[in-house]
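Asker: In case you want the letters, here they are:
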Amino acid sequence: MKKVILLRYGEIHLKGRNRGYFENLLLNNIKSKLKNIKCNILRIAGRYLITDFEDCDLIIKKLQSIFGLVSLSIAYEIETNEDLINKTVLSIFQDLEEKINLEQKTFKINVTRADKTFPFHSDTFSASVGAIVLNAFPQLKVKLKNPDIDLLIEIRENKKTYIYFDKVNCCGGMPVGCSGEGLLLLSGGIDSPVAGYMMAKRGLKINAIHFHSFPYTSLQAKEKVLTLANKLSNYNGKMKVFMVPFTKIQESIHANCDDSFMITIMRRIMLRIAEKICNTNNYKAIVTGESLGQVASQTIESITVTNNVLKVVPLLRPLIGMDKSEITKIAKNIDTFETSILPYEDCCTVFLPKNPVIKPTIERAEKEESFLNINDLIEEAIEKTEIIEIDCN
Amino acid sequence: MIFFDNASTTKLCDEAVDSLIKYSVQKFYNPSSKYKEGVENFNAIQNVKKYICEILGVEFKNNIIFTGSATEASNLAIMGSVRSSFKKMLFSAGEHPSVYNTALNLKTKYPNLTIEFVNLQKNGEINYLELENLLKTGDVDFISIMHVSNETGAINNLERISQLRKKYAPNAILHIDGVQGFGKIPTNLQKLDIDFYTLSAHKLHGPKGLGALYCKNPSKLLPQIWGGGQEYNIRSGTENLASIMAFKSALDLIDTTSQTYERLKNFANIFKTNLRILVNKNQKLKFIENENLSPYIISLSVVGLKGETLLYMCDEKGLLISTGSACSSKKSGNRVLENMGYSKEEVEGSLRISFSIKTTLNEVNQGCEILANCINELYEKIKNKRR
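Chains as they are written, first to last, in numbering that gives the first Met the number 0: chain A, 0 to 392; chain B, 0 to 386.
Be aware that one or more of the hints could be misleading.
Result set (SDA-like, lysine to any residue): computed pairs, CA atoms no more than 25 Å apart in a straight line [claimed, not checked]:
hint, chain 1, residue 1, chain 2, residue 2
1, A, 247, B, 131
2, B, 380, A, 253
3, B, 380, A, 351
4, A, 310, A, 391
5, A, 247, B, 279
6, A, 353, B, 319
7, A, 221, B, 283
8, A, 86, A, 60
9, A, 1, A, 124
10, B, 384, A, 369
11, B, 285, B, 316
12, B, 384, A, 86
13, A, 104, A, 78
14, B, 384, A, 351
15, A, 310, A, 229
16, A, 30, A, 229
17, A, 159, A, 80
18, B, 165, B, 131
19, A, 353, B, 131
20, B, 190, B, 169
21, A, 353, A, 340
22, B, 382, A, 27
23, A, 366, A, 297
24, B, 10, A, 219
25, A, 358, A, 295
26, A, 30, A, 45
27, B, 384, A, 213
28, B, 283, A, 253
29, B, 316, A, 244
30, A, 237, A, 253
31, A, 221, B, 376
32, B, 283, A, 373
33, A, 358, B, 265
34, A, 115, A, 179
35, A, 221, A, 376
36, B, 343, A, 355
37, A, 221, B, 319
38, B, 380, A, 373
39, B, 166, B, 156
40, B, 384, A, 371
Simulated from the structure, these hints should not be mistaken for lab results. Computed from a predicted structure; not experimentally measured.
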């Protein structure tokens with residue numbers, strides 16, 4: 000009996016004529032995730048298979064961070080043949096008997112038959128295998144709803160049959176990259192990594208942009224952002240991080256603009272830079288971790304004024320309707336929380352006003368910006384941007 | 000490059016490098032081996048211990064234990080002394096994390112033990128009256144107070160502490176973390192009747208990875224590491240021969256005579272005076288007011304500016320300094336300065352400049368100028384509002 004890992008995918012079934020494209024993309028994502036691990040990866044009708052592996056636990060852990068996979072099972076693979084199936088099921092139950100006491104345990108055999116050339120109907124075959132098991136292990140009882148032991152037999156088109164107990168959940172979603180690439184504003188706080196995770200889950204391959212204000216912010220703050228990007232790349236795969244020097248822009252805003260507009264103008268400039276980088280790199284969307292009303296820069300008026308600078312590229316805000324507690328929960332699940340709460344500041348507090356404007360207007364923001372050499376500042380920042388490639392696999 | 004962060008670590012001196020190589024390559028033998036080469040190395044280590052005792056002003060009686068770090072030495076003094084019968088242990092609120100966090104951790108192991116912290120005065124020293132009152136309550140079994148604060152350079156009055164102990168708790172064990180004091184502040188442990196004194200090699204141009212604990216009576220210590228029985232059965236593990244010998248070479252360079260002390264004191268005064276002259280008069284500088292400061296450490300606060308930003312600006316210009324303690328700067332705030340009553344703004348603006356015996360007057364002048372320029376530059380940028 001050969002042990003394999005059977006992988007199931009979900010939503011891509013729905014994609015009709017694009018199905019082949021999605022399946023190939025997901026296969027490539029699986030391959031790049033497991034590139035440094037000994038195993039063989041195959042595609043069969045409606046499933047992927049991992050065979051010839053050694054470290055099963057490690058592979059499962061890795062597979063559980065691939066978007067597009069719904070569940071997996073560790074299965075025995077045999078040739079499709081009635082006698083062989085019966086014999087295998089019996090030997091599986093014998094193995095089980097050595098591990099647990101079968102007395103008074105309930106069980107169910109569940110056959111699915113994708114291979115319609117197999118001569119028995121699923122229900123008939125389930126019943127016949129069940130009878131054989133019951134005959135050999137009379138201490139067991141059949142129970143069709145919520146049995147203790149639920150054995151599944153999948154008879155597939157490739158003339159192979161897969162027998163397994165349970166399904167392990169994977170993270171669902173769409174294969175990363177099927178919606179193209181996007182640019183995430185990654186600050187170092189709790190929200191932005193979660194926003195990136197959510198969009199990667201919908202198939203948008205994330206790249207990140209970070210604005211740093213060295214020496215007003217620390218070297219560690221930069222490292223922290225790279226650590227977060229590395230954690231995101233667990234779900235997202237290879238990504239680029241654009242480190243934009245923002246010090247001169249902040250100093251210039253501080254010197255020339257009304258303090259209460261500092262954040263509004265900062266964010267407008269960040270989005271302008273992000274859109275330019277999207278255009279050069281063919282990224283299709285900007286992603287932020289904004290949640291409506293969370294801070295002064297996230298009121299509906301502030302969002303209106305910052306959004307206004309974007310010409311074509313859409314700004315996606317997957318967290319817009321979420322509470323901080325909901326966001327925190329996801330951050331903990333995806334292991335970014337502990338890094339996000341490290342005390343290094345991500346935004347220069349030296350320049351942050353005590354009373355930022357809560358309801359800015361576009362006219363006023365434009366007037367404040369007229370005191371800046373805005374195009375030159377943006378060009379210079381982009382020119383001095385450092386690009387770092389991240390791949391945690 | 001001017002290195003004014005000598006309280007965090009120092010550069011290994013050339014003499015120590017030579018010893019490190021000599022005792023790693025030519026004379027690498029295990030000091031526990033029976034052949035003469037091994038015995039020679041054992042004796043060499045004994046001589047280093049004797050020399051350390053000489054500096055400490057005590058007689059050598061198998062009372063120096065080498066460890067892997069000063070942190071380990073302080074842990075050994077505390078964890079090796081504590082007994083389940085102990086009722087109360089006192090620590091200063093200004094202790095280095097190696098002592099402070101060990102103290103906090105005691106509670107989990109000995110839930111009935113009372114741990115008290117003696118607060119600091121504004122001048123950085125412990126509050127002696129508070130110590131006296133805590134000792135008066137009785138039941139004190141152990142006291143741990145640092146010699147020189149790694150954050151502020153404030154020197155605690157060991158004589159006074161020792162007298163208070165003698166008067167109110169003569170049986171209490173007294174541990175002094177001497178990492179910033181050893182080899183820098185003239186000390187005589189014999190007179191002070193101290194039980195344990197922690198010291199470190201890499202703060203004195205010796206190698207990293209070597210600490211030591213002076214123990215008045217080692218037999219009272221319970222081992223925390225078991226093995227081949229080295230270091231009087233208290234700290235097993237093959238002796239770090241090369242580092243110990245390198246430490247000796249570094250120790251040969253120090254002199255605890257008043258000459259070096261006065262030179263450094265003069266440097267500290269020059270630095271402070273010049274900084275006040277060079278920095279924009281509108282920028283407030285806060286120094287600790289205390290006559291009893293280590294001349295090796297200057298703690299100052301550039302009130303209203305961020306110390307960390309100044310640190311990076313100085314780095315760009317070739318001056319390395321620290322904000323508060325390098326060991327704790329991963330955490331926000333500063334426990335020690337806050338305990339001394341510093342405001343949030345003063346803590347954020349705090350910087351530590353620390354010298355070594357190798358510091359030169361030229362470096363003091365240049366370093367001061369760089370720092371002053373950075374302060375003025377940042378001050379201008381923050382105050383600069385054209386509209």
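Asker: So, against the hints stated earlier in the document, which numbers end up violated here?
Answerer: Hints 1, 4, 6, 7, 8, 12, 13, 15, 19, 22, 30, 32, 33 and 34 not satisfied by this model.
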